[in-house]
Each structure stands twice: as C-alpha cells, then as structure tokens.
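Peer 1: Please put together the full structure from these sequences, using the hints given.
First to last, the protein sequences are chains A and B. So that you can map any letter, position 398 of the first sequence is 398 in UniProt numbering, and since no number is skipped, the others follow by simple counting. So that you can map any letter, position 93 of the second sequence is 93 in UniProt numbering, and since no number is skipped, the others follow by simple counting.
Okay, the calculated beta carbon distance ranges per label pair:
#1 A:Asn-321 with B:Pro-46: 40 to 50 Å
#2 B:Asp-108 with A:Ala-421: 43 to 53 Å
#3 B:Gln-44 with A:Asp-454: 55 to 65 Å
#4 A:Ala-231 with B:Asp-108: 46 to 56 Å
#5 B:Pro-46 with A:Ala-318: 44 to 54 Å
It should be emphasised that the hints constitute simulated quantities derived from the structure, not laboratory data. Backbone N, C-alpha and C define an ideal beta-carbon position, used for all residues, glycine too.
One-letter residues, chain by chain:
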Amino acid sequence: MALDPLLLPAPLLLPPGLCTLVDPDLIWLHLISDVATGLAYLSIPAALMVFALRRRDLAYPWVFALFAAFIIACGATHLMHAWTMFTPAYEAEGLIKAITAAVSVTTAIVLWPLLPRLLALPSPEAMAREVDERRAAEARALASEARSAAFIAHLAEALFVIRVLPDGGFQAETVNPAFERLFGISGDAMRHKPIETVVPAALLAAALPHWRQAAAERQPAEYVMEAETPAGWRVWQTVLVPMVGPDGQVERLLGSARDITMTRRLQADLLQSAKLATVGTMCAGLAHETSQPLNAAILWLRNARAAADGMQPETQVARLNTAFGVVEGQLRRAGDLVARIRALPGEEAGATHVFDATRTAEAAIRTAAGQYGPEGIEIALRNHPDPLPVRGAPARLEQALLQLLANARDAVQDRRASDPASSGQISVTLREEAGEAVVEVQDAGTGVPEALRDAIFDPFFTTRDPGHGSGLGLPLAAAVARGMGGRIYCHNAPEGGAVFTMRLALAPLSCLLTTEEARN
Amino acid sequence: MAWRILVAEDEGLAAMAIEDELLREGYEVVLAPDGQAALEAAAQQPPDLLLTDLRMPRLDGAGLIRALRSSRPALPVVVMTGYAPAGGAGAFARQGEGPVALFAKPLDMDAVLAALRKLLPGP
Numbered sequence: 001m002a003l004d005p006l007l008l009p010a011p012l013l014l015p016p017g018l019c020t021l022v023d024p025d026l027i028w029l030h031l032i033s034d035v036a037t038g039l040a041y042l043s044i045p046a047a048l049m050v051f052a053l054r055r056r057d058l059a060y061p062w063v064f065a066l067f068a069a070f071i072i073a074c075g076a077t078h079l080m081h082a083w084t085m086f087t088p089a090y091e092a093e094g095l096i097k098a099i100t101a102a103v104s105v106t107t108a109i110v111l112w113p114l115l116p117r118l119l120a121l122p123s124p125e126a127m128a129r130e131v132d133e134r135r136a137a138e139a140r141a142l143a144s145e146a147r148s149a150a151f152i153a154h155l156a157e158a159l160f161v162i163r164v165l166p167d168g169g170f171q172a173e174t175v176n177p178a179f180e181r182l183f184g185i186s187g188d189a190m191r192h193k194p195i196e197t198v199v200p201a202a203l204l205a206a207a208l209p210h211w212r213q214a215a216a217e218r219q220p221a222e223y224v225m226e227a228e229t230p231a232g233w234r235v236w237q238t239v240l241v242p243m244v245g246p247d248g249q250v251e252r253l254l255g256s257a258r259d260i261t262m263t264r265r266l267q268a269d270l271l272q273s274a275k276l277a278t279v280g281t282m283c284a285g286l287a288h289e290t291s292q293p294l295n296a297a298i299l300w301l302r303n304a305r306a307a308a309d310g311m312q313p314e315t316q317v318a319r320l321n322t323a324f325g326v327v328e329g330q331l332r333r334a335g336d337l338v339a340r341i342r343a344l345p346g347e348e349a350g351a352t353h354v355f356d357a358t359r360t361a362e363a364a365i366r367t368a369a370g371q372y373g374p375e376g377i378e379i380a381l382r383n384h385p386d387p388l389p390v391r392g393a394p395a396r397l398e399q400a401l402l403q404l405l406a407n408a409r410d411a412v413q414d415r416r417a418s419d420p421a422s423s424g425q426i427s428v429t430l431r432e433e434a435g436e437a438v439v440e441v442q443d444a445g446t447g448v449p450e451a452l453r454d455a456i457f458d459p460f461f462t463t464r465d466p467g468h469g470s471g472l473g474l475p476l477a478a479a480v481a482r483g484m485g486g487r488i489y490c491h492n493a494p495e496g497g498a499v500f501t502m503r504l505a506l507a508p509l510s511c512l513l514t515t516e517e518a519r520n
Numbered sequence: 001m002a003w004r005i006l007v008a009e010d011e012g013l014a015a016m017a018i019e020d021e022l023l024r025e026g027y028e029v030v031l032a033p034d035g036q037a038a039l040e041a042a043a044q045q046p047p048d049l050l051l052t053d054l055r056m057p058r059l060d061g062a063g064l065i066r067a068l069r070s071s072r073p074a075l076p077v078v079v080m081t082g083y084a085p086a087g088g089a090g091a092f093a094r095q096g097e098g099p100v101a102l103f104a105k106p107l108d109m110d111a112v113l114a115a116l117r118k119l120l121p122g123p
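Peer 2: Here it is, written out as structure tokens:
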C-alpha cells in the first residue's frame, strides 16, 4: 500500500551519494521496519532479563546480560537509523554503531570459547534421563535396604551393634529379633542405653573382656560363651567385628551370635550316652563276676552256720557265731554294692509305663523334705505344673530324684560347714520345654567346679571323704534319665549353687490318661 | 514222693551249697554244670522245677528254659543270676506259661526256699 507523502513531513534527504532512498514508499518501508525492529529489539532483552531473573540457577547468567546488551545495541542502531531519516545526527548514529560493533564483536569473541562449555551443559532431555536413572537407583537402593532389613530381621543368628563411647563405655545401638529370642532382652529396651543397665551383670562381666579386646586390637574376635540369660541357660558362639571411624578410632562393634545350646547339649548327650553305655557294660560285667564268689561264700557261710549249730562247748559256738555274723555282714555289704552297681546300666528293669513325672517328683520331695527338715534344709517346689507324662518305672525315677536331692543336701551341708549363715534352700522346678519334661534341682551350695562337671556322673567319682558318699548317686540318676530317653546335666547358677537338670522324653498325654484310667 | 529239682549252675561251689540246702528241705536234687547237661539230665529224669543260672557254658539259662518249656510249658522256673535281665521276670514271659521267680546273686537263700515252697506245695 502506498502512503501519501503529503500527510507526513518529508524526510530530509541526504545529498546524493550518501543516500539512495529517493522513493517515498521505499523510505517508509525502511522507516517502519527500522522502528519495528528497534522496538522488538528492546522487547527481547526485557524478556531475556525476566527469564534470567526468574531462573537464578542459570549457567553463565552474564551471557544473557551480554546478549541483552548486544540486542539493545542492535535495536538502538535501527532506531537511530530511523531517526537520521528526519534528523541528520550522523555522529550520534556512528557512535551507537561503534558501541553496537564493540558489543557485537565482544559477544562474538566471547561466544566461541564458551560454546564447548555451553554444549557440555546437560540438555533438559539428558537431565530428565538422569533424574529417571537416579530415581531408579534410589528405588533399587530402597529395595535392597528392605531386603537387608528383612534378611536381618529373619536371620537365625543374633545380630547386635554396640557403640564404643569415647570414655571406653559401651552402648547398645540395635539388635535383631534373633538376639531378642536368644537372650530374652528386648531391643527397644536396650537401644541407646548404657549397656550395664540393660544386660544382666553376670552376662556382661563375661562378655566385656572380649568387647574390650576387639576394640583395642581392632581385629575381629571369635569366642564361645555360656551363661544364664533372661531366656534361660544358653551357649553361643560370637564373632565381633570392630568398625573404625574416620578418626581411626573403633566406633562400633558388629556382633553376630549363633545359639549352639542345642548343639552343645547334643554333643554332651552323645558323650554322656557313650560313657554310660561303657559304664553300663562294665558295671554289668563287674556285678556278675563279683556276685558269683559272693554267692558261693554266702551259701557256704549258711552251711557253716548249720554245721556249728549244736556244737560244744557253747563259748566256742558263740565265738564262731560272732565270726559268722561279721563275715556275713561284710558279704552282705559287698552284695549291696553289687546290687547298686547292677542298677546302673540304665535299661529299665521291670515293666515300664507312662506316668506323671510331676507326681513322682512331688513324692520324692515329700520323702526328702521329711528327712532333711530336722537339719534345717527346706525343699521348695517352685511351681505346680501340669502333668508331665513320661515313660519308665516311677520307682526308678523317684530313686533318681532322691539321689539328686541327696546330692543337693550334701552341697548345702558342705557350704554350711564353711559358711554357717548360708541358706538351707533346695528348690525344684518342673516344666515342659521343647517336647521334654524338665526337672531342675537347684541347691544353695558352692556349685560344681567346671573341671568336675563331666566327672561327677562317673561311677565312684566323689569329692567326699572315704566312707561318705559312694559316688553312685549321680551316676544312678544319669542312668535312669538315659533309660527314660533323656539325660542329665549340671551348671552353676549365677547366684551360686549348682543346678542339676534332668530332661526326659515326654510321652503323649493321652497315654498318661489311659494309664491313670486303667489304674482307677 | 519228694519234688525233684533240677539245678543248673556252673559255679561248682555254689551248686554244692545249694544242693545241701535243698536236700535238707527234703527235695530230690539233680545237679548239672551247664544248660546242655541240664537238658540231658531232664530227659533222663523229668524235674518238677528248674532252678537255673542264666550265664552258663554251652547252653545258657534262657535257652535251657525255652528248650524245657517247649515240651512242658507249665514247668515252674526259678532263675538265679548275677545279671539283672532287662525286663526282669517279664523277660521270660514268652518262654512258656509257667511261673518264673527271679533272684539276684548273692542269693538270699531263705527267700529262694520260700519261693520253692510256694511253687511246689507240700503234699
């Protein structure tokens, strides 16, 4: 569209040679284009500045300033060009062009070295990809952590983390459920508390030297411990791994403990069983071989007595009878010993049936309490459990329990000899545990020295003076337990005194009821 | 007529003393030093009761009881032994129907004689 040149002031035309714009239409085209371009060039930096101000995390924000300056300068040249169509301010225009040139050249120069660095900036797509990857990695880490947590929570081994405090003290940090089961100590109760307030003193006293050693030597340590825990008597194998912090000090001890109570018990069972089998064979042979000459001697003594009957003089006969009495008494004594040795092999003599071990234990306690009461020794049945059906001969079990009670009484007497103020208490606990009937006899004596623990079940082993105690009581109890599909063992209670534990195979309760009904 | 007791005992001295005791009680006694000899003696002179040891050469007491009771299931038997057999007298329950009394050595002879009187009541 053509504009009417008469409505607008005529642009001041330059002398020929400087400007070739003589066509008014062309002049308007230039004018409008320059003004529009100039205005646009002013608007773009504004948008750029808004963007740069809002996005504070931009890399190289000064590039935006440079671009803004460059564009403003370019816009200014256009506007100046439009202006010079009306006013011949060529010096000003030249100056602006020079500034524009300077800014443009600076921008151009700066841009090339910057280019590799700009190219190195991650693109939004790359960024998104990286974010995705990181999220996936995070999810994997979380899943892995969940797996580890599940693993630790369900691990059969007890795990515990102990913090080593700067003052050399210890603090429980965390434990897994297997730890709680093994030691009967709640993890929540332990967490971040001084160790001596949460772990029983006896247990801690045994464990501390190992912890201190592992912390001092910075070497993994392995050890086996046995102690009375809140969950009962336990034997466990521990591996301690010291964790060193950035300052080179041991910060934590990672412990894993394996419960080997059952394994140890089985090993001890096998050992005891093998020993008792050997002892049984030996005792049976000994009893048989000794009984033959004793038998002949006793029979011939009767013969001699019969021959002496009616002989004269009477003083001689009286003397002879005294001699016969002494010989017979000694032969009977030897015979009794043979009978007791014969009782050791453990195979149940007589018919066996299912009976209630609780009742038998109660009967044994009544008998023993009657005997030991006058000596100031009390026998307390700690609990009144349900019937404990076991198979065997009740008389044999009662005999075995009486031997355990007699042993407890002797232990109490021994302790009293050196410490007259000591307690005269014997306590008996009956319970069902893991398919076994458990009878525990605990005395207030001085306990059984570690080195003697296995030997005390050997026949004729005794710590008493000759003539006191035959050394056949505990072997008999062990033999009876073995004959009833069980075993016996002993340990020392943390509060002192020995605990003899008899474990017998449980018979089905229904068998007990049937037997009882048949009896009634 | 006196009851005849077959005594199987490998310990000669013990057997002699037992023989004395039984004769004094008025029993007729046949002695045998082992199970095999006892079996042969029983074939010659069938006993009314067997008094036997368990551990003997050639044929042991259990074998002897089984052999004698195969023809005479109700033969009363008294066992004297240095071993306490597992199951006690019940261990011989399947070796015939006759009664079995069990005595450990050294023998309480009075108890043995009382058992014999019960198993072989006087005429």
